[in-house]
Amino acid sequence: MSTSTTAPARRPARRTVGDRWAALPRPAKIVVWVLLALFCYALPLLNPPLISTPQSDFGSVMFTVAAYGLVALGLNIVLGYAGLLDLGYVGFYAIGAYTVAVFGSLHGKLPFVLLVVLAVCITTASGLLLGAPTLRVRGDYLAIVTLGFGEIVRLVFLNTEWLNGARGITDVPRPPDLPLFDVPQLQWDGFVAYVDLGTQSTFMEFGLLDGIPYYWLALTVIIVVLVADVLLQSSRVGRAWEATREDEEAAELNGVPTFRYKLLAFAMGAFIGGLSGALYAARTGVVNPETFVIQLSVLFLAAVVIGGQGNRWGVLLGAVVVAYLPERFREFAEYRVLAFGLLLLLLANFRPQGLLPPRRARRATAAAAELAELEHSGSAGGDTKEGGIRA
Amino acid sequence: MLRTVSTAQEDTPVRSIVKLATPFAAAALLLTACGGTTGGSTDTESSAGAAAGCPEGASIGFFGALTGPNANLGNNIQNGVKLAVEQHNAKPDACQVTVTPYDSQGLPDQASGLATQAVRDTKVLGLVGPAFSGESKVADPLFAEAGLVGITPSATNPALADNGWETFFRVLGNDASQGPAAASYITNTLQAKKVYVIDDASEYGKGLADIVRTSLGAASAGNDTVQTGQTDFSAVVAGIRASGADAVFYGGYYSEAGLLLKQMREAGVTTTFVTDDGAKDEGLVTAAGAANAEGTIITCPCLPPDKAGGTFVADYTAAYGTAPGTYSAEGYDAATILMAGIEAGNTTREDLLAFVKTYDAPGVTKQLKFDEKGEPSDVTVWAYKIEGGQIVADQEIKAS
Amino acid sequence: MSLETFIDLTFTGLVVGAIYGLFALGYTLVYGVLRLINFAHSEVFMWGSFAAVWVMMVLGARTGMGVLPAVGLLLLALVAAMVVSGGVALVVERVAYRRLRTKNAPPLVALISAIGMSFVLSEVMGLRDKITEWVGLSQPLAPYVERAREYVSFTNPLPSVTLFSISGFQVRSTQVIVLVAAVLMMVGLDQFVRRSRLGRGVRAVSQDPEAAALMGVDKNRVIQLTFLLGGLMAGAAAVLYLMHIGVTRFNVGFILGIKAFTAAVLGGIGNIRGALLGGLVLGLAENYGSNLLGSNWKDVVSFLLLVLVLLFRPTGILGESLGKARA
Chain H
1 MSTSTTAPAR RPARRTVGDR WAALPRPAKI VVWVLLALFC YALPLLNPPL
51 ISTPQSDFGS VMFTVAAYGL VALGLNIVLG YAGLLDLGYV GFYAIGAYTV
101 AVFGSLHGKL PFVLLVVLAV CITTASGLLL GAPTLRVRGD YLAIVTLGFG
151 EIVRLVFLNT EWLNGARGIT DVPRPPDLPL FDVPQLQWDG FVAYVDLGTQ
201 STFMEFGLLD GIPYYWLALT VIIVVLVADV LLQSSRVGRA WEATREDEEA
251 AELNGVPTFR YKLLAFAMGA FIGGLSGALY AARTGVVNPE TFVIQLSVLF
301 LAAVVIGGQG NRWGVLLGAV VVAYLPERFR EFAEYRVLAF GLLLLLLANF
351 RPQGLLPPRR ARRATAAAAE LAELEHSGSA GGDTKEGGIR A
Chain A
1001 MLRTVSTAQE DTPVRSIVKL ATPFAAAALL LTACGGTTGG STDTESSAGA
1051 AAGCPEGASI GFFGALTGPN ANLGNNIQNG VKLAVEQHNA KPDACQVTVT
1101 PYDSQGLPDQ ASGLATQAVR DTKVLGLVGP AFSGESKVAD PLFAEAGLVG
1151 ITPSATNPAL ADNGWETFFR VLGNDASQGP AAASYITNTL QAKKVYVIDD
1201 ASEYGKGLAD IVRTSLGAAS AGNDTVQTGQ TDFSAVVAGI RASGADAVFY
1251 GGYYSEAGLL LKQMREAGVT TTFVTDDGAK DEGLVTAAGA ANAEGTIITC
1301 PCLPPDKAGG TFVADYTAAY GTAPGTYSAE GYDAATILMA GIEAGNTTRE
1351 DLLAFVKTYD APGVTKQLKF DEKGEPSDVT VWAYKIEGGQ IVADQEIKAS
Chain C
2001 MSLETFIDLT FTGLVVGAIY GLFALGYTLV YGVLRLINFA HSEVFMWGSF
2051 AAVWVMMVLG ARTGMGVLPA VGLLLLALVA AMVVSGGVAL VVERVAYRRL
2101 RTKNAPPLVA LISAIGMSFV LSEVMGLRDK ITEWVGLSQP LAPYVERARE
2151 YVSFTNPLPS VTLFSISGFQ VRSTQVIVLV AAVLMMVGLD QFVRRSRLGR
2201 GVRAVSQDPE AAALMGVDKN RVIQLTFLLG GLMAGAAAVL YLMHIGVTRF
2251 NVGFILGIKA FTAAVLGGIG NIRGALLGGL VLGLAENYGS NLLGSNWKDV
2301 VSFLLLVLVL LFRPTGILGE SLGKARA
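Protein chains in written order, with our numbering: chain H, 1 to 391; chain A, 1001 to 1400; chain C, 2001 to 2327.
Bear in mind the hints are in silico, worked out from the structure with no lab data behind them. Incorrect hints may have been included.
[As the list claims (entries may be wrong)] Some but not every residue of chain C turned toward chain A, in silico, with C-beta under 10 Å: (1) 2011; (2) 2126; (3) 2247.
[What the hints assert, rightly or not] Covered stretches of chain A (chain C as the covering partner; in silico rule of three or more C-beta atoms under 8 Å from a C-beta of chain C): (4) 1068-1082; (5) 1225-1232; (6) 1258-1267; (7) 1283-1291.
Using N, Cα and C, we set each Cβ at its ideal position, and we do this for glycine too.
Produce the entire structure from the sequences given, and follow the hints as far as they go.
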């Protein structure tokens, strides 16, 4: 019934990090979360050696990582929760970016906040429009249909004169400034740190030369999306998705309107993809059809699959792998696609749950292991092992 | 936790600096620092080090694709840049300069991080690049804001010069100079009455082809747009054949140009083929086959190397073992301007920018002098012809 | 549109369509037996095309070398491409599919595995200059690995001549050869699957794998055979493609693969005759669409066609399944 039962049965897990974490009192958890968030906000200012990117501006790279992280969270809803393989996710990202550019620069001068709202509305609508007819086709057909959708979006942008064709759109509006205070960065000489008062980031001033405020903005959006994601997944909707993914017919028989839930997942994925595209356009200031090639879709897919589809922390880790590592090791940039190909191949064959498997998969693995053990001991005629199936 | 607090470190004299004892104290210190010194810090980016004449580790950047699908072009240019820098460094008492590569892979979305990095690295005094028009749009505003001079050897989009970027210069004619020249060659020299104009929908190819269409006026007898990466051109060939055109102009790069040419000839269409500097590469001949490519005309806002005099071709061949590729000479010229500036003691970004603005000296490709928009003031467009599998200079196209 | 242009578009559309059809067989066969989309099939084609290019380079093919040696060289290139493509297809089966099959993994995992395999195969070709440098072979192999990311040309030793003309349109010999060869190959494969013992095994497994296994059909053998047959056909398609188009590149398979897959779905995936029919329809649609809307809309036309077919007739024109191809 479940995809995860394919994993080989192991001995029941001992107390894992996850279990210890679960045992922590609630205030302690909140403190850890806040500290973690603060650390994430401060990361580009700390500019830590070994982690910082020597050949590209670290703040800008961190923004890209955050943008990919957001995309991965969106695609995770579609692929990880609802089990729909979307190979054209770049289409939503592109539509979000273009909406901001078209109505903020080319054919209008709408204020930024309105642009973002418009961008997510249009991408969500396009998600519904694409999903309504296509979600009825078989799973692997859906992959090809969405692949076609992604290419069609790019080619339409490229060939439509009203959208400036290959020239793309410049002067995309930036988020409104809210300058409150300056924060200096650290510079490192080997492992000795200097506070560099010459290079300061203004909180929150969206300039050309400083990627960090954009990163902060994207990180804030990620945190909001994460909270919504947690609430959503543990709700009725999340359970409906899980049921649909694991066995669509059984879910339908139990009264889950699977099509409607799949469409909802598709629309929510589109929403987040569009949001990320809008942020991307605001940061670069330029949109161009050649950015939104199908390879980007595959990169997004790689982030979700490598990280662990269905686990929000896993897909964020995957986004870091996909967006950060090539910038950190730019000298190996040429081997990037090869490396992702190998990773996909290896993960699919040896660890289909990804680097950080979702808790459900871990739970199911443990349950399967205990079941196997019970059966084993039962057939051996011995007495039943103590301890039931840990939920 | 704080061991010393000093404001004038020798190695980085231009910045206020607070030294830390351990990296792990960073976060704590961060809060103190921003509480205490926010108002007091001013940007002391200017002067100071200039008096030294030759700053330690002085460098010029090269911004373009060094890996990825467009790496060939980027490496052609970078080789030209490196040659100019090495020749400069070899002079007695020269201020030693290095080349810092910024490998954009030709992707606009990588450009902002790299451009920021270049701006932040105060040792980078000037840049050659960005190589393509798309990444220029992302990176040039940053350079303009930072006052970092960027001389592009290959981005030919006319609109780039209209943004008011003080730091933008280019050493080759833009598409607005090449387009009318190509049209004039087709109608005057080739005496063509009906011209079929095709582009590849790219910013460069379509921009140029549109200018050619306008310049041709009534002689433009048909249009088509192909895609970069397209391989089957049978519908395009059918269109050319049906139009009865006596010349074809293709705006785009050499891969598609070569393939289209090959499929035209194999389908028995013998119409004269005219294309642009983006197709001026031996790859055109390779893709089309020497026999099919014979007689093809290539227009280019660049002087044939032998017309320029000097020893550039020989030097380049000696250094890299191959003849200069597309835009190698432009890369060399752009770097030469920066080197001349550094040699004249302009070792701050500000001084170097001022020097480039007033530069006026012969280069390999043309007289190097810029107008107020950063465009070269002296542009000659040449027609080249493919003969026996080689691209040879045909004639200068005089403005009509 | 003049009559001449219409005939021109129709004829060249059929030529390209026949190549799509031949290429599509790999998707159709594998889908028929495994119910999986072999995403890496595009790279099987690409590797075959390189084999053909290299054979011509090694043997020093040039135009105008006499008809007999030219035909001999083309046949050699065909054999080389088919062997390499067949081999790569077997590697794909072994590396990307076998382990997952024994574990009964869900189709999405198999698809992701195949996507990974496809990247690896295409990037290895695209990085062949770097790879030979590591191995220390870049010197002797230079002409074969230089400019690894760019197009390489195929030398067709057989000159293309005008055979006859229909109302102004000249029919060229190469186009006729490509069209006839593609159709012949497909008829041959169709007969093989319908009549031979091995072919019966393929049909049996695609109809009912369990029953076939009970009847003593070795399922693994059959699956390998399906991959091999698809690979052989892709190799042949690669040579015909080179004769018609003239160049190949490390990433040439990607778009072509999607086209071929579209052809397979259009005709009815799992259906051998459907692949040919789907290919021809797609080739024609692309050419007419390009002429009416401009060549830049060509891919949009084929993608839209794919989406529409999947939505309104997901079983394709001739219906699905190898098994139903009358016994």
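Structure versus earlier hints - violations, ascending order: none
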